[in-house]
Amino acid sequence: MKRHGDLFDKIVEMNNLETAFAKSAKGKHWQDTVKHIEDNLPEKLGEIREMLMDGSFKTSKYRIKRIYEPKERDIYILPFFPDRIIQHAIMNIVEPIWLPLFIKDSYACIKDRGQHAGSRRLMGMIRNKKYCLKCDVRKFYPSVNHEVLFEIIERKIKCKRTLSLFRDIIDSIPGESNIPIGNYTSQWMGNLYLNELDQMIKHKYKVKDYLRYCDDFILLNNDKSKLAELRDVVISFMSDRLKMTLGTAEIFPVSQGIDFLGYRHFPEGYVLLRKSTALRVKKRIKNMLAQYASGRIEAERVECSLASTQGWLRWANTHNLSLALEIDELVWRFRRERDTKVQ
Numbered sequence: 002m003k004r005h006g007d008l009f010d011k012i013v014e015m016n017n018l019e020t021a022f023a024k025s026a027k028g029k030h031w032q033d034t035v036k037h038i039e040d041n042l043p044e045k046l047g048e049i050r051e052m053l054m055d056g057s058f059k060t061s062k063y064r065i066k067r068i069y070e071p072k073e074r075d076i077y078i079l080p081f082f083p084d085r086i087i088q089h090a091i092m093n094i095v096e097p098i099w100l101p102l103f104i105k106d107s108y109a110c111i112k113d114r115g116q117h118a119g120s121r122r123l124m125g126m127i128r129n130k131k132y133c134l135k136c137d138v139r140k141f142y143p144s145v146n147h148e149v150l151f152e153i154i155e156r157k158i159k160c161k162r163t164l165s166l167f168r169d170i171i172d173s174i175p176g177e178s179n180i181p182i183g184n185y186t187s188q189w190m191g192n193l194y195l196n197e198l199d200q201m202i203k204h205k206y207k208v209k210d211y212l213r214y215c216d217d218f219i220l221l222n223n224d225k226s227k228l229a230e231l232r233d234v235v236i237s238f239m240s241d242r243l244k245m246t247l248g249t250a251e252i253f254p255v256s257q258g259i260d261f262l263g264y265r266h267f268p269e270g271y272v273l274l275r276k277s278t279a280l281r282v283k284k285r286i287k288n289m290l291a292q293y294a295s296g297r298i299e300a301e302r303v304e305c306s307l308a309s310t311q312g313w314l315r316w317a318n319t320h321n322l323s324l325a326l327e328i329d330e331l332v333w334r335f336r337r338e339r340d341t342k343v344q
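When we follow my numbering, the leftmost residue of the sequence shown carries the number 2, and every step to the right adds one.
Simulated from the structure, these hints should not be mistaken for lab results. As the structure is a prediction and not an experimental result, all values here were calculated from the model. Incorrect hints may appear among the rest.
[As the list claims (entries may be wrong)] Lysine to aspartate or glutamate pairs mimicking EDC-like chemistry, simulated, CA-CA at most 20 Å apart:
| id | residue 1 | residue 2 |
| --- | --- | --- |
| 1 | Lys-287 | Asp-329 |
| 2 | Lys-36 | Glu-48 |
| 3 | Lys-45 | Asp-7 |
| 4 | Lys-283 | Glu-327 |
| 5 | Lys-161 | Asp-172 |
| 6 | Lys-62 | Asp-233 |
| 7 | Lys-135 | Asp-233 |
Whenever a hint applies, use it, and build me the whole structure from the sequences.
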């Protein structure tokens, strides 16, 4: 396996740092911190380059925010400057090295391979299959083992200064395991970590009908006993190689529908929205309309969010839900308010 060197010089190039700033600032230009960096960009990027070059950069202290939707978890937040810019700068150079490693049915943090692409792919798989093995990893990000992860990274990267940056980011959380939810690098490192599972299933056990999205994955087969054997293989591999345990590993008939990627997929060719997701959408729209009525958010923001929800619902058979939410009418109403305001 080819190992890549001479990456650090590419990471610290000013053109790369400028691209990293643009990516990390996307959707955040209204923030005061981002505005300040933007107004002094050459100087600030020069500071980042200098701290990388002289080795003084260390990952900053995290601010931890606990969220409860869709489930309780801790989000780790780093300062925009310099950490988020630096993480993008690293991945600008490393992504092209890692991307070819991933199987075509890995659907996480990869361009054009997101939630909807995974849903379409699953629908193409289940039409002629009888049984499904559906698994997820228990507390995936907090369970990523630091030494196992670094060993996987070392297999493709030999540039010592780049490895030192990864080592610093990985060890920025004390203990043997945990990569922070919220870091840009965590998305990619998590995918690289579970690529070990993907490669084992696809190449050693030649499983054709397999796909994974983040830490959720599915295997399909017409032989229920074969899936039971594969479940034992997966459980052992996760424990022995990746130091992880599965949260669920259930085998069931495809005919009952497969709950995956926020949708329920049926072999007859239709897709429904997950019930908990539908309830969450209803709650979010209700809260947003209440915020608008009280003057806390602008009509443009409501219209944008509603239009996004409208488009998302069209990926499933959600006609009745759309009617109940009156989503088309709401989008038209707020779009008209926005246009009237512009005039």
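Do the hints match the structure? See the list:
Proposed proximity of Lys-287 and Asp-329 is supported: the alpha carbons are some 15 Å apart, at most 20 Å. For the hint pairing Lys-36 with Glu-48, the CA-to-CA distance comes to about 17 Å; that is within 20 Å, so the pair holds. With a C-alpha separation of about 24 Å, the suggested pair Lys-45 and Asp-7 falls outside the 20 Å cut-off, and the hint is violated. At most 20 Å may separate the alpha-carbon atoms for a hinted pair to count; Lys-283 and Glu-327 meet this at roughly 11 Å.
Our distance criterion of 20 Å between C-alpha atoms is met by Lys-161 and Asp-172, whose separation comes to about 16 Å. Using a Cα cut-off of 20 Å, the hinted pair Lys-62 and Asp-233 is violated, with the two alpha carbons roughly 40 Å apart. For the given pair, Lys-135 sits about 13 Å from Asp-233 by alpha-carbon distance, which is consistent with the 20 Å threshold.
Checked against the numbered hints given earlier, this structure breaks hints 3, 6; the rest are met.
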